Amino acid sequence: MNERVLRFGDKGNLIGIYTPAATAGKRPGIVLVNSGVIHRSGPNRLYVSIARQLAAAGYPVLRFDLSAIGDSSPRDDALSFEKSAISETSAAMAALGAHSGASGFILCGICSGADISFLTTRDNPAAIGAVLINGRGLHGVTDDAGDDLEAAAGAALGSDASTRYLLKSALFNPQSWRKLISGRVNYLELMRLVGGKLLRPVAPREALPDTAPALHAAFNQVLDRGTAVLMVYSEGDLALDYMKLMFGKDIKKLAAHTNFSEVRLAGADHTFTPRDSRDALIAALRTWADARFAH
Amino acid sequence: MIGTQKSILTSQSRARLPLTGSQEKNNCANSPSADCEYKKHGPEMGNAIQDPAVAGYMGAAGRQLFYCYHAPQGATTRSFGFVLCPPSGREYVFAHRTLRQLATRLSRAGFPVLRFDYFASGDSAGADDEGSVEQWLDDIACAVDTFRNHTAGARVCLAGFRVGASLAAMHAAIHHDVDSLVLWDPVVSGERYVDTLLADHDRWLRLQQWRNKASKAADGVRETVGFLLSPRLERGLRGIKLDTLSAPARRVLLLSSSPDADPEHLGEHFVKLDISIDRQHMLWPEFWTGGEELDDVLMPPARVLQAIIGWAVEQEVPA
Chain F
1 MNERVLRFGD KGNLIGIYTP AATAGKRPGI VLVNSGVIHR SGPNRLYVSI ARQLAAAGYP
61 VLRFDLSAIG DSSPRDDALS FEKSAISETS AAMAALGAHS GASGFILCGI CSGADISFLT
121 TRDNPAAIGA VLINGRGLHG VTDDAGDDLE AAAGAALGSD ASTRYLLKSA LFNPQSWRKL
181 ISGRVNYLEL MRLVGGKLLR PVAPREALPD TAPALHAAFN QVLDRGTAVL MVYSEGDLAL
241 DYMKLMFGKD IKKLAAHTNF SEVRLAGADH TFTPRDSRDA LIAALRTWAD ARFAH
Chain W
1 MIGTQKSILT SQSRARLPLT GSQEKNNCAN SPSADCEYKK HGPEMGNAIQ DPAVAGYMGA
61 AGRQLFYCYH APQGATTRSF GFVLCPPSGR EYVFAHRTLR QLATRLSRAG FPVLRFDYFA
121 SGDSAGADDE GSVEQWLDDI ACAVDTFRNH TAGARVCLAG FRVGASLAAM HAAIHHDVDS
181 LVLWDPVVSG ERYVDTLLAD HDRWLRLQQW RNKASKAADG VRETVGFLLS PRLERGLRGI
241 KLDTLSAPAR RVLLLSSSPD ADPEHLGEHF VKLDISIDRQ HMLWPEFWTG GEELDDVLMP
301 PARVLQAIIG WAVEQEVPA
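For the record, the sequence lines run as chains F and W.
Per my numbering: the first sequence = residues 1 to 295.
Per my numbering: the second sequence = residues 1 to 319.
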């Protein structure tokens, strides 16, 4: 194993593990972004497996901790989480580039890691690829992220206070990390929890959420500049409902874009708890990355 | 004698001791290139709190272990320091933040601290199904050597949590090379522990009834909610019986945060061994479990951490 610990960012407060590519080449570097507050080894140690297997396939990888997560120190300024996360993910790309020689990068993350990956991709053209796994706040990672989906799901479920509380606090509050770690974040389980009501999918609405136009514009900007996007959905995950909610009828137009790809993984939960689902995810990443970048 | 912060932070000036047999075996002391790359950051780069910890890898090639050394802070120089032995699997995911906090607080109280990941866990080498109790005991020996290398031979207190506490006690009973032990909610019966892990997984599976089920692995490896239990690891874990252990160290802090002060009578066993034991019952929700009632318990258990630090400071007085 030839992994190395890197310190980077302001005053070297960020820590990451660099896995060099096993073979020389011009493949992009891959940066793995924290999923919630789980440190850089990822849920179920998945980021370690992704890093080692993709590095063996020729991609240099950096998995790192955002400030105040894992071994990275907190910031001492008042920058918002969204702005600091974008800035720190950009710093991670720069650090990976400095060590590997890569000049283009694929940003990859699960859940909030997907959200931050997309927002950074939007703002930083050094990201030439984005793998967004079960992301549900691609329009922004503010404290209000999830309000739109909460409202839509509330309409589908009936306006039950405990439902609203669970959807708001358990799914979207970034501090409710225990659900995430436990792999208990999924729609059907919440449905069961709030009274065993039948699932009615969140239907695309005529009136899109207020945040939808900006998300459409961001996707168009990213895809039109040539950045490849892979959306990964676990079976039954709310991420797909989120995309349907945000894009409505336009989701077909988005899916038809030449730089847009989508994978749905049967048997996977939100954090890829089953062993087979982790293997399937890594195989899907490898297939997509090789098809897009191994030339 | 503990080195100064400066001598600890730079590999060039770090005090080095002759290799012991164990160090040669583990190749733990001679890995100066493993420390993380410190970069000089200009004064214009503000907005972050500087972290004095050193992170890197220790151990033999192919079996490298991630570690983080927290140098003692402040003017107080302590006569001993801590090697933290983490739990395994999902419990470690829940406990990572707590252990980092413990390390930081101990170092601020003047104690040198080393944290590490066992082989096949966290950032260390090894695939998910390659961990074993035998290997993890070797890893603790490697961590102790690395700690001594960083501190010019400071006395060691092994502080372990859950199965990490069990492994710490087993290491101490085998090697008799540690000064004291902190055992925080230790796994006393490995049989009961493994049965609980498997029951948790069964419970999780029942919640996933609507999903396509994965087929059983042909290699005999079982799953425990996102982590893997090989036949070898299962054997080793089931073999843990702390209540039959010989005296592991002169001084022990036995901490229980569960509703029962001494849930598996380990304290009684240690009393019979004539060990200087301090039993503390600091009731706190079992945050290392996936219990649904724990959603609001997000912060590390401050009272437990404070109890450990308070006990550590008291140990400065000769026993």
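Simulated from the structure, these hints should not be mistaken for laboratory data.
The structure displayed is predicted, hence computed values, not measured ones.
Careful: at least some of the hints might be erroneous.
Partial list, derived from the structure: chain W residues whose beta carbon lies under 7 Å from chain F [said to hold, decoys possible]:
#1 ALA55
#2 ALA60
#3 GLN64
#4 HIS96
#5 GLY122
#6 ALA125
#7 GLU130
#8 ASP179
#9 ALA218
#10 ASP219
Using N, Cα and C, we set each Cβ at its ideal position, and we do this for glycine too.
Hint-by-hint comparison with the structure:
1. About 5 Å separates the beta-carbon of W/ALA55 from the nearest beta-carbon of chain F, less than 7 Å, and the hint is met.
2. Interface hint status for W/ALA60: violated, as the beta-carbon distance to the closest one in chain F is roughly 11 Å, over 7 Å.
3. Taking 7 Å as the C-beta cut-off, the interface hint given for W/GLN64 holds, the closest approach to chain F being about 5 Å.
4. Because the smallest distance between the Cβ of W/HIS96 and any Cβ of chain F comes to about 5 Å, under 7 Å, the interface hint for this residue holds.
5. Of the supplied interface hints, the one on W/GLY122 holds, with its beta-carbon coming within about 5 Å of a beta-carbon of chain F, less than 7 Å.
6. Nearest Cβ of chain F to the Cβ of W/ALA125: about 4 Å, under the 7 Å cut. The hint holds.
7. With its C-beta approaching chain F no nearer than about 12 Å, W/GLU130 sits outside the 7 Å limit, and its interface hint is violated.
8. Annotation: interface hint on W/ASP179 violated; nearest CB of chain F at approximately 27 Å, more than 7 Å.
9. Against a cut-off of 7 Å between C-beta atoms, the interface hint on W/ALA218 is violated, since the closest Cβ of chain F lies about 12 Å away.
10. Proximity of W/ASP219 to chain F is violated relative to the hint, the smallest CB-CB distance being about 10 Å (cut-off 7 Å).
Checked against the numbered hints above, the structure violates hints 2, 7, 8, 9, 10; every other hint is satisfied.
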